[in-house]
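Same order as they appear, the protein sequences are chains G and S.
Its first residue numbered 49, the first sequence is counted upward by one per residue in this note's numbering.
Its first residue numbered 232, the second sequence is counted upward by one per residue in this note's numbering.
Hints are computed from structural coordinates only; laboratory data are not their basis.
You may find that some hints are simply not true.
As the list claims (entries may be wrong) - Under the rule of at most 30 angstroms between Cα atoms (straight-line distance), these lysine-lysine pairs were calculated in the DSS-like manner:
| # | chain 1 | residue 1 | chain 2 | residue 2 |
| --- | --- | --- | --- | --- |
| 1 | G | K222 | S | K374 |
| 2 | G | K55 | S | K448 |
| 3 | G | K51 | S | K379 |
| 4 | G | K268 | G | K170 |
| 5 | S | K292 | G | K170 |
| 6 | S | K292 | S | K282 |
| 7 | S | K379 | G | K170 |
| 8 | G | K169 | S | K290 |
| 9 | G | K114 | G | K55 |
| 10 | G | K170 | S | K448 |
| 11 | S | K292 | G | K169 |
| 12 | S | K374 | G | K169 |
Here the structure is a predicted model, which means the values were calculated and not measured.
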Amino acid sequence: MLKYILKRVVAMAITLFIIISLSFFAIRLIPGDIAGENAAPEIKAAMEARYHLDKPLGEQYAIFIKNFLSFDFGESMTLYPRRPVFTIIKDKIPLTLMLNVFSLCLTVPVGLICGIAAALKKNTIIDHTISAMVVFNVSVPAFVFASLLQYVFAYRLGWFPFLLNLDATFSFSKFVSMILPILALSFGGIATITRYMRAELFEALNSEYMLLSKAKGLSKVQSTLRHALRNSFIPLCNVIIPMFMGLLGGSMVVENIFGIPGIGSLTAASIQTSDYYLTIAVLFFYSIIGLTSMLLVDLSYGIVDPRIRIGGGKVRE
Amino acid sequence: MSKKNMKLEVPKPLDAQEVLKEKIPPEMFEQVAGEKIFDQEIEGEAIGFFKDAYLRFKKNKAAIGAAWIILFIIFMAIFGPMMSPYHFREQHTSFGTMPPRIPILENFGIADGCVTMDIFEADLEEFGDAVKEIKSEYIWNYKGREIKKVIADIDMYEYKDAKEHYFIFGTDNIGRDLFVRLWRGTRISLLIGFISVMINCVIGVTYGSISGYYGGKVDMVMQRFAEILGGIPFLVMSILFIMVLGAGVSSFILVLIITGWIGMSRMIRAQFYRYKDYEYVMASRTMGAKDRTLIFRHILPNAIGPIITQATFAVPSAIFSESFLSYLGLGIQAPEPSIGVLLAEGQRVLTSSPHLTLFPALVVSALMLAFNMFGNGLRDAFDPRMRGL
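Given these sequences and hints, build the entire structure.
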């Protein structure tokens, strides 16, 4: 097990290294001059010294990696001039986190309930309705759904405010303004969990141990709760852990549409204003979240399900 | 029982050479069974793999419907722009953000080029004949002054003197026809989807075959490589690449390829692990079949169903990625449209001209829905055991 963990951590470190290197080359290769085209030579020299552009490439690379690993991402250039990137990101996290926790509180229970209902009532009207909903949810992109919600409920019906209420304190009106973004954020996740839950539970219900538990004389409720449900939860960590980790990532598009000043809209804004250092820092942040969640999934899989197959020759011995 | 007692008498195997040396005359052989075979003759036509799948697919009404929707959208993506008298970059600056107006439907009050507007009563004269119906009047209290306002249906085509034009899906803010732009955008989105999926299939199948067939060290190295590459989040990778390469059809395809093949290669590898120990493969190997024959003739054809299914599911996700990136401002550069670019443009003016969001959203949703349904149908047809899972 230790060897397995070690292997995963090494793979993750290599991936992270590749991401940092890609970021470095991206920054260096982006067309255009850092000081602007018509800058005076002194300004240009000062800028180059500031961003270490006057040093040889190898040294620049070493400085870049060292800075990244110590979370020093430099300063924002266009979006929030001269503010350290790290503090900008830090300021944006709480709001995104709050919205995503709320959306998760909606996504996981609703998804599980829909999935369980569909699997237990397979091939009935309930199952068909839920399945149709899942296909719809999977097919309609979240940004289309968010636009639809905004147009219908905020603009036409006027039930909810158009944009997020940005009061510092948490109030009822703020919560009301958060409902639409939360719905938009939960939209895809519910479908994913439902689909997984339905497939896993259905498979568990048809397995032989269920027959055994029936033969033992357990009631349907007992056998479903104690055996089928438990077993079908195992593969779900594959879906739910990344969702928990994805909390901080947030959804760029939904944040953009509802005017939420979180990490997602920061990313989009930094791309649109060509604030490269900011963009790359946010991307690095996303990478760490993604890699950690993958590692957690792998480890939880190794613990929960020891049947992971590794290796094997051309012909099985 | 002790182990010594378990020793069995193994008869010495006959030496093949000795058997051959012994000459047996043909008369000594005797035919045991009669010449006639008494099995019942097989009736009816033999049904091949694809025919079987087709027969099953045909029964799935939703999948058939989805196939027709996909065909229709592809048809419109190819020929749609030619049906309209306008060009995708032709600007009619005086006819900005016109609402949709469709020839026959306009007589029924749908898509008749009318907009419901909230205007001052004093301005009504300016609109003249363009005012079709006054829905309600009210008094607006502005800083203590009472101003009369009306909510009225106004025929924008009449008002802007554009009666001879039919902008079927309306126009955008600089008066470009949305109908032409939408189908042209669909064409580009589909092109990105299809090309990237095809390349991914080729890379994924080759990579997965080699990794799965040879196993051992080769497999381990290849899997580690794929794992490390697959660890880079898609968003991170795509934004970095597009920042450097600039947005365009080819850089979108490249971004979709870099990590897109990994899923396909995993599936193929699993197929190889499953089939490479089967007796028929062993038999073929014993008879001297080369690795290439085993891979391409004996093992890979088993995976043809899952390959087609997975490729079908990959197309909508490629289209989705494209529109998502466009939405973030990394889209195809103007003036070329794509569905994502149109949606991003529409979102900015969602309340004033919802038609700019509505039509691209409808097309992209229909396309994704149809591809997903079609993929489901294919999966059930190729592998009936998976039905409903």
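Comparing the hints with the structure gives:
For a cut-off of 30 angstroms, the pair hint linking K222(G) to K374(S) stands: about 29 angstroms separates their Cα positions. A threshold of 30 angstroms between alpha carbons decides the hint, and for K55(G) with K448(S) the separation of about 15 angstroms falls inside it, so the pair holds. The suggested pairing of K51(G) with K379(S) is violated, with an alpha-carbon distance near 79 angstroms, which exceeds 30 angstroms. Distance hint between K268(G) and K170(G) is fulfilled; the C-alpha atoms sit about 15 angstroms from each other, no more than 30 angstroms.
Between K292(S) and K170(G), the direct Cα distance comes to roughly 19 angstroms. Compliance with the 30 angstroms bound is thereby established for this hinted pair. The hinted pair formed by K292(S) and K282(S) meets the criterion: a straight-line CA distance of about 17 angstroms does not exceed 30 angstroms. Distance hint between K379(S) and K170(G) is unfulfilled; the C-alpha atoms sit about 60 angstroms from each other, more than 30 angstroms. Proposed proximity of K169(G) and K290(S) is supported: the alpha carbons are some 23 angstroms apart, at most 30 angstroms.
For the suggested pair K114(G) and K55(G), the alpha carbons sit about 24 angstroms apart, so the restraint of at most 30 angstroms is met. For the hint pairing K170(G) with K448(S), the CA-to-CA distance comes to about 44 angstroms; that exceeds 30 angstroms, so the pair is violated. At roughly 22 angstroms between alpha-carbon atoms, K292(S) and K169(G) fall within 30 angstroms of each other, so this suggested pair holds. Using a Cα cut-off of 30 angstroms, the hinted pair K374(S) and K169(G) is violated, with the two alpha carbons roughly 61 angstroms apart.
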